[in-house]
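Sequences listed follow chains A and B, in order.
Going by the numbering used here, the first sequence opens with residue 61, and the numbers climb by one from there.
Going by the numbering used here, the second sequence opens with residue 175, and the numbers climb by one from there.
Because the hints were derived from the structure by calculation, they are not lab data.
Glycine residues also receive a C-beta, built at the ideal position from the N, C-alpha and C atoms.
Zero decoy hints are in this set.
Quick list of the computed label-pair ranges, beta carbon to beta carbon: (1) B/266 <-> A/134: 33 to 39 angstroms; (2) A/134 <-> B/262: 35 to 41 angstroms; (3) A/168 <-> B/391: 52 to 58 angstroms; (4) A/159 <-> B/246: 58 to 64 angstroms; (5) B/270 <-> A/82: 30 to 36 angstroms.
Simulated pairs of lysine-lysine, DSS-like, Cα-Cα distance not exceeding 25 angstroms: (6) B/388 <-> B/319; (7) B/388 <-> A/93; (8) A/272 <-> B/399.
Computed, partial: chain B to chain A, Cβ under 7 angstroms: (9) 281; (10) 317; (11) 401.
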Amino acid sequence: MIYVEDKNLVIPGQILADDDYYPGRGTFKENGKVCSSLIGLVSLRNKKIRVIPLKSKYVPKKGDVVIGKINDVRFSMWDVDINSPYSGILPAFEVFGRDKKELNKVYDVGDVLFLRVIDVDEVKKAKLGLKGRGLGKFKGGIIVDISPTKVPRLIGKKGSMINMIKNKTNCKIVVGQNGLVWVKGNEDMEQLTREIIHTIEAEAHTSGLTNKIKNKLCLAIDGELPVEETEEEFVLEKPKLQNFKEELEQEEREKAEAEKEMQAESEVEQDSEIETEEEADAEEDIEAEASEEKDTGDKPNFYDVIEELKKKSQSRKDKNLSYSDKSNNNSFILNNR
Amino acid sequence: MSEMIREDGRKYNELRPIKIEAGVLERADGSAYLEVGGNKILVAVYGPRESYIRRLLEPNTGVIRCRYNMAPFSVDDRKRPGPDRRSSEISKITADALRPALMLENYPRSMVDIYIEVIEAEGGTRCAGITAASVALVDAGVPMKDIVVGCAAGKVNDEVVLDLSEVEDKEGQADVPIAIMPRTGEITLLQSDGDLTEEEFQKAIDLAMEGCMKVSELQKEALMKKYSTE
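Bound conformation, chain B alone:
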């Protein structure tokens, strides 16, 4: 049963092809571009910089803010521009997923801004956004404990599979996106949408963890490629 081939020809534990590039924007302090299957995501990081919003600043540490935005042309039906319920939620969970990895104690009263722009969407943008955002944070030189990486697993046709595409997400029975810090395996984000038995849920997490580890290698490769000499 594990030999089943999915709609787009992948195996149950196979990721979509991924391409990550660090440091693509000139003006941002740090940036990253990521493609996963049909997703195209651009992330810009600014800071640590002076917090221009007084009420947000913390006297003993820096703060991060995150904005996830989908371009109107990123999906098949035109998306109404501007923030909506979904993007506000993703903005928040992305910031929460990245925060445990940041070490901003040396930058009190400062702010780090992360802008995630989805240029094309094809399922799994929140995980892709987290993955790209942490590469951009490293590129910006923000001190971090680990490079956070996101990946989803889900249930399609009664089968637990890795990295759902848009079709699988819509027609599938469940979607479990997670984000982890790969060195320690700590989970920084865990959401679950749909019906899963306890056993299936455990299986989905294990599968997603495995996927995260693979993506993490690609993140490291992208950063090394950008900065290694020659």
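In isolation and in its complexed conformation, chain A is listed as follows:
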């Protein structure tokens, strides 16, 4: 016997079903009754009941990609705040291999990095690493924080939502599984993107969200609602989105997709935005950047990028790493509560 329907909003202690159902995540069994332990939406699969939380804290999981802020520099590792009850550590050998270097000259307190969780130990301390394409330090941009449970919604099916935002705002966006989102682009667009991300967070449980966001973006950027051709898309997309049940079932798959998506994303980002740890790479970066820019043709900031990268390699020699974009420093808001 079941007392709730799929997608219903439930609160802690609410009885969901009798003995013939299995308790999944977010639920527990007591006296032969399956009860919810969270405020969230019910997800029914066969005879298994789960509750997808509306709010939650990020608990590190092996293989996740996260955005973290350096909190402390120690003798052979960095302490990283990963917006979670548990702090992360980035051991020095993950960065330089066997070489010995001064840690605070590579990453200093306050730097924001894109990292991968290599391992989580029994006390949930996360060991982080930088191996993988696109992982490294962010320069400039802003950090937006959302609830980690809303990350799949922000990315959308096969990245539909996030790609739409990226295309519309021309911002570079990187989403960490821990609910931090890095956005870089035109200053106004950064603010708009931040607003949009918060809207998605607030309305994550409503259907037809992608279209709502699309309209909002078009209104804000072009000053008008999307024209006919997007209307067609609207029709195409609608049935997919309204089937929330299917969507919830796909959450797991989406998570995997999200990860892939982020990897793909970071591939795009890597050459232009992320500092890699090897000094020699800086030169290559310039070349890579240059060829890439030539391919795409008339990007206005081509020379600026070259200049910036030159400065970067210069400042490396000076052993003086800092954000090239000082004015953006104060817009780093890492949730530290």
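Start from chain A and add chain B according to the hints.
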């Protein structure tokens, strides 16, 4: 005799008007605002977060800490700010009343902080504090077995009545605040101050339980209102 009307016009089993709102603070992980009669209470919940006090953390579960604080202007005579005997006691019993409902096994070595601020006080603040704190905990997304709810009963003019006001508390003969988990009816807090016969005590508990159930409905309503779509 049950038809007696109390000083403020309520019946013996009538609660003061209650208003609960969830998620009122931007920066806190979870929050709630509650008004019961003349009480105004604001609760903020932070966490589960990294425990910055080493000696408190538990290797197999999370811990909760609670601070109950009365604003200096919350009572008629100015209250000296800062913790005192009464507020330390209430802080402790609130944490103890909420702890059985929490399921922090998935957050070992973490800490949940609850801050209860009494902006205006008019009797029954500890029960109101517990009621508001559990709404804030749910709002923070902390896993819980049930939403704890508090309510008091007492004896005024030789009559057992529900939800004492400040005047009734001061002039009455007894005050029995309780907190329960409404689904199972388990009692997580039971205090008793004053003289009651065994029979009156039983009656007071039954009455307070009944009151808790009513308040519990309002808690659920507040949470549903905050998060339901449209």
